[in-house]
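Residue numbers (the numbering used here), protein chains in the order written: chain D, 1 to 339; chain L, 1001 to 1347.
Where hints are given, some of them may not hold.
Claimed, not checked - Distance ranges between label pairs, derived from CB positions: (1) L/G1052 <-> D/L245: 37 to 47 Å; (2) D/L245 <-> L/G1120: 21 to 31 Å; (3) L/F1122 <-> D/L245: 15 to 25 Å; (4) L/G1052 <-> D/N80: 51 to 61 Å; (5) D/N148 <-> L/Q1230: 27 to 37 Å; (6) L/A1181 <-> D/N80: 20 to 30 Å; (7) D/I154 <-> L/A1181: 20 to 30 Å; (8) D/N80 <-> L/I1185: 27 to 37 Å; (9) D/S199 <-> L/F1122: 50 to 60 Å; (10) D/L17 <-> L/L1128: 43 to 53 Å; (11) D/F200 <-> L/G1120: 47 to 57 Å.
Stated by the list, open to error - Now the stretches of chain D that chain L is said to cover, found in silico as 3 or more residues with beta-carbon under 8 Å: (12) 229 to 235; (13) 273 to 282.
Derived by calculation from the structure, the hints in this document are not laboratory data. The C-beta atom is built at its ideal place from N, Cα and C for all residues, glycine as well.
Chain residues, written in single-letter form:
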Amino acid sequence: MVYATFLVSLTVILFVLNLIIGSVYIPIDQLIHSLSQTVNSQDPTALILLKSRLPQALTAILAGAGLAVSGLLLQTLFRNPLADPSILGISAGAGLGVAITLMLSGFLGNALHDLPGVIGNLTITLSSFLGAFVVLLIVLNLSFRIQNNAVLLIIGLMISYAAGACIDLLKFFSQKEDIYVYVMWGMGSFSNTSSGELSFMAPIVTIALGISLLLIKPLNILLLGTQYSTNLGLNLKSIRLIILLVTGLLTAVITAFCGPIAFIGLAVPHLVKGVVKTSNHAILIPSVIFGGASLALICNLIAKMPGFDGTLPINSVTSFIGAPVVIWVLLSKKNEKRF
Amino acid sequence: MKSVSNTSTIVLQTNELTIGYSGELGAEKYLHQNINLQIARGEFICLLGPNGAGKTTLIKTLAGLIKPICGTIKLNHLPIQSLSIQRIAKLISIVFTERLNLTDMTVYDLVALGRSPHTGFFGRLSALDHEKVAQAINDCGITHLKNRSLNQLSDGEQQKAFIAKALSQDTPIIILDEPTAFLDISSRIELMRLLKKLSIEKNKAILLSTHDLDLALRSADRLWLLAREQTLITGIPEDLILSNKFKNFFDKDGILFDNQTGAFSEHLTNLKTIRLIGNGLEFKWVQRALKRSGYQPTPDKGEFMEIEVSNETHGIYHVSHPNGSLTSLRTIEDLLSHLSVSADGIT
Chain D
1 MVYATFLVSL TVILFVLNLI IGSVYIPIDQ LIHSLSQTVN SQDPTALILL
51 KSRLPQALTA ILAGAGLAVS GLLLQTLFRN PLADPSILGI SAGAGLGVAI
101 TLMLSGFLGN ALHDLPGVIG NLTITLSSFL GAFVVLLIVL NLSFRIQNNA
151 VLLIIGLMIS YAAGACIDLL KFFSQKEDIY VYVMWGMGSF SNTSSGELSF
201 MAPIVTIALG ISLLLIKPLN ILLLGTQYST NLGLNLKSIR LIILLVTGLL
251 TAVITAFCGP IAFIGLAVPH LVKGVVKTSN HAILIPSVIF GGASLALICN
301 LIAKMPGFDG TLPINSVTSF IGAPVVIWVL LSKKNEKRF
Chain L
1001 MKSVSNTSTI VLQTNELTIG YSGELGAEKY LHQNINLQIA RGEFICLLGP
1051 NGAGKTTLIK TLAGLIKPIC GTIKLNHLPI QSLSIQRIAK LISIVFTERL
1101 NLTDMTVYDL VALGRSPHTG FFGRLSALDH EKVAQAINDC GITHLKNRSL
1151 NQLSDGEQQK AFIAKALSQD TPIIILDEPT AFLDISSRIE LMRLLKKLSI
1201 EKNKAILLST HDLDLALRSA DRLWLLAREQ TLITGIPEDL ILSNKFKNFF
1251 DKDGILFDNQ TGAFSEHLTN LKTIRLIGNG LEFKWVQRAL KRSGYQPTPD
1301 KGEFMEIEVS NETHGIYHVS HPNGSLTSLR TIEDLLSHLS VSADGIT
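Looking at chain L on its own, in the form it has when it is part of the complex (with noise of 0.2 Å):
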């Protein structure tokens, strides 16, 4: 695979790299082969794919926490199994997905630990040491929990104490298994807007695994494809979504990827055809919510209800049948239990 990335800033590459684990009796199982990856300086990588994909072993050997099966991964141009843990340490900092129950640790011991690859035998903190911490808890906007134990945050702030931890830690490459998981959703567009900046702001590559396609579509620099028995693809989201690479790889029954508007909807199918006529803010949720119902709405004239919105009559539905009897409805709720009544009565 090409790359366009000047190769000096490529932090984090692979040749070949087959990922999997030992099984019993030294039985190897592959996930993935033949997988040709890099990162670079700055960039900020999603990594999609269903459950059981591979993404957290893709993830753990290329952090070197399991060994690859075969090829090599490259680590600042060296092959990481050059490389000691210690040395490791001071290249790539994870995120688990892992909840840990810490009693009696405060945000900043959390993020103190993230400096131990660089502290000696004891673990002291330099004064050095303390203002990478205390920089680290504000490049994360957790300045006034720092004092607080970590079991007393929430998800989401015990998530960001610990992307300061990894910052603290001070390395070119930071990994996050699905760190969006147990958020909620304005949580996780904060968690994703923090670790985009970082990633521009600290120069940082920044490679994170989720579910979150739509937020990932929206701030990934480089999307990674991971599904079982499949080849790994790369690219940049509008490419993956302009070349169809995106759509097939996430085809699946009843589950379509809109082109147009970078979103998934369901397929619903036998869509009864209404004609809905109007414009603004309301006209659009009024139409979203016919097609929830399973109406498929049309511009255009026909044997079918028709259903007006105008902005003038603010909050008024105007339904007309085919038959030429007139309703007015207030609420959208109205409206649909309106058209299921009506529709009833038809057939």
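Chain D on its own, in the form it takes in the complex (with noise of 0.2 Å):
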């Protein structure tokens, strides 16, 4: 109860902070007063709330509970510690449908560039989707077919490099302008979901998020291996069906809005477990989703610390910050017995 309290007003904390703080910053009380605008008010500090800071923070909570919960799930059904979202080649799946759409448009005379930001970003989004869940229906059609875990694993990671070396390829036909896009939407962002887009995210992040809880008793058994988990009753098949069909559409639809966010999804379940020392997924998983909103929000609160020049990109902030914390956790004298 203690660690569920702190997590909680931790990512309260951290959300406010992330409102406040930013190129300008704004104190509590206008925050409140602004809060209570509508979107089309002239006041410059709700416009710069509503439209950016709190699309922003809110996309960070839900990228960052996403990919957590995601990485928890698949390191139980894999019974891997090295298990995150991207194992199963989705996100490389992601990449690899941006990098299409990009090169396509380069060939049809750089159109994508001609078009509005706004619907610019939206091809990017629905291509990175795209990708995103024609992998995932890959794996899930193999997923029927083949019983061994460790073998499914593998060749979600086959999936990953051979969509690694597709894209390429792809780069080395592109044009500069094209793989800078590429590039820039790799670093990951939080900043690019507008309120529209976020109704369209924050639903399906939420039930998958929901689902993830209903599955708290087939997850405990899982992490007795498939044989004693089988003489536990557990139908095996459906419940490796129904998590990788929640992590992969997590995985999907979060790098699709975001670009390819790394370390989240494998840090945060280490994180949690290192301090809540459980293995029972009824705590676990909701530790993990306000572990990986409040990790996620420290993460884009450093990327737009005044004093850096615009935002630094997502990625090298979580791992630049998420690698050090995870070694001190595993490190620490508590933990010495734990691999």
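Fit the two chains together into the complex; they arrive one by one in their own frames, and the hints show the way.
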């Protein structure tokens, strides 16, 4: 309970900090006043808040929570501490979708660059989602035929490599400007989601997180491996399908709107387990949801610290902040015997 | 095969069962055919056989984890094919050989998972569930470990935790695949005693595969002997010994089953005869040391060396040679080295 209160209040505090800190400082009293304004307000502070900071903070919360839960679910399913949302090749599929679109637009005479920014963004989002979704379908299809989880894991990795190779080839034949757009996309960002896009992303992520909370019992059983799970009456095939579907959907949607966000999905489950020290998913899943949201909010806060010119790429920040923290948690005395 | 067990207590029965697994392209590999078995409540059964005989395949088939190639398995008189895995989970619990590296899971958490087939959608434990978990932990004598993380336990303690998990699953049958494999000798004896106790006190049918012939012979109500390309042999240990089935089953070059002692011995050739006289505990161990070192002790007089062990002169062994010389030694180690030196001197 202590940890739960801590994680929830941490998320709330970080959320508020994300709203008030940025290139322009917004004091608390003004914040409350501005949030009551409508989107069409002429107040510049309200505009910054409602059009930029609020969607950005909400995106960070959704992306952080979604990726972290995906990571936890996959680590449990594959009983592998190295599993994360990118492991099934879904992020790579998203990347491939984006790369194909960018290169096609290059062939069509820079059609994408001529499009207004919003539609250009939407095109990238759609192609990313399509790429991720196609890979998800392939993985799901294979999961019907392959019993062995380790084999499925390796196939996911192979899909990643194959998609990566295709992306490299496409880059090789692409124009500089398109490669630049691709590289920027690959760095990840929480700031490209408009409130309209958010109204698409939020329900999907929320529903997926809700489903993950319904999986507490099967996830706990899965910790004992496939043999014990079957002996405890768990239908492995259907539970695996549900987990792949939930994590695949989360990864596809989040990657479509934010780009491939690295690290959070891998690190947050380890950080949380290092602190709460339980294998019970009834505690782990909520903790990981708030832990993921908090880490994403911290990283977003650092990325837009005043003093940096514009916003730093999220991926550099997540790994830069997260890696030392994970190492510190794993090396701490209490965790010595964990692995 | 005829059985004296009361049919109402039979919890598992096979009829003309063929086990094996499907290989590539749907080709099926048969391991054993025409298996007719039954398990009754409260029965403690040990499955013995060499590596690769198909013990694990048999166990997994009986537990519904592998489909039988043909024949039937009945659990509580119902064909296993007609039962859902949720239903089987309430009839058979298994302890596998596979070691799990479970970080952050306490013994209590693990045993609580054994309640899964009985709990609701979220796996929340009722007061009754908590009671059964505590009872199972207590029955296995690991109450003091209940809040310890599994990866901090010794092999024997972990094995007991998994047995407690199987107990809390509350099934009439518990199957264990080589539960003593990683354990030291005292943990093995302790574990067998625990399982035997559970089969009697909780009226559980317990089937375990093991390589511990000695322990199996001492504790099993019934033995199943399984070897490659051989029909499964079942019976109570004493019958199997007296009918020489046990001996024949394990007959291999250089290894002999002694029907007198119920133990295995290495068969040595070119034994040297030696006279051994005396009595008591020391006599017994000197005799054993001599046998191990390639001597055939005999109480009869003859043209060979003579060793005298007496209980009055504690720890002194008198060796007299055919040529009349006499030596006294304090330890069996000295005795054996003296014998080997003298033997070299003679030849």
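Does the hinted range 47 to 57 Å hold for D/F200 and L/G1120 at CB? This hint is violated: roughly 34 Å between Cβ atoms.
CB-CB spacing for D/L245 and L/F1122 relative to the 15 to 25 Å hint: Because 20 Å falls inside the window, the suggested range holds.
So does D/I154 sit 20 to 30 Å from L/A1181, Cβ to Cβ? holds, 29 Å
Taking beta carbons only, do three or more residues of the segment 229 to 235 of chain D come closer than 8 Å to chain L? Per the Cβ count (6), the hint holds.
Pairwise beta carbon distance, D/N80 to L/I1185, judged against the given window 27 to 37 Å: holds, 35 Å
Between D/S199 and L/F1122, does the C-beta distance stay in 50 to 60 Å? violated, 30 Å
Range hint compliance [Cβ, L/G1052 to D/L245, 37 to 47 Å]: Holds, since L/G1052 and D/L245 (Cβ atoms, about 40 Å apart) stay within the stated range.
Evaluate the given range 43 to 53 Å for the C-beta pair formed by D/L17 and L/L1128. holds, 47 Å
D/N148 versus L/Q1230 beta-carbon gap, inside 27 to 37 Å or not: holds, 31 Å
May I ask you to test the hint 21 to 31 Å on the CB atoms belonging to D/L245 and L/G1120? Since D/L245 and L/G1120 have Cβ atoms about 23 Å apart, the given range 21 to 31 Å holds.
According to a criterion of three or more residues whose C-beta lies within less than 8 Å of a C-beta of chain L, is the segment 273 to 282 of chain D covered? With 6 residues close enough to chain L, the hint holds.
Given the hint of 51 to 61 Å, is the C-beta distance from L/G1052 to D/N80 inside that range or not? This hint is violated: roughly 29 Å between Cβ atoms.
Of the numbered hints listed earlier, those contradicted by the structure are 4, 9, 11.
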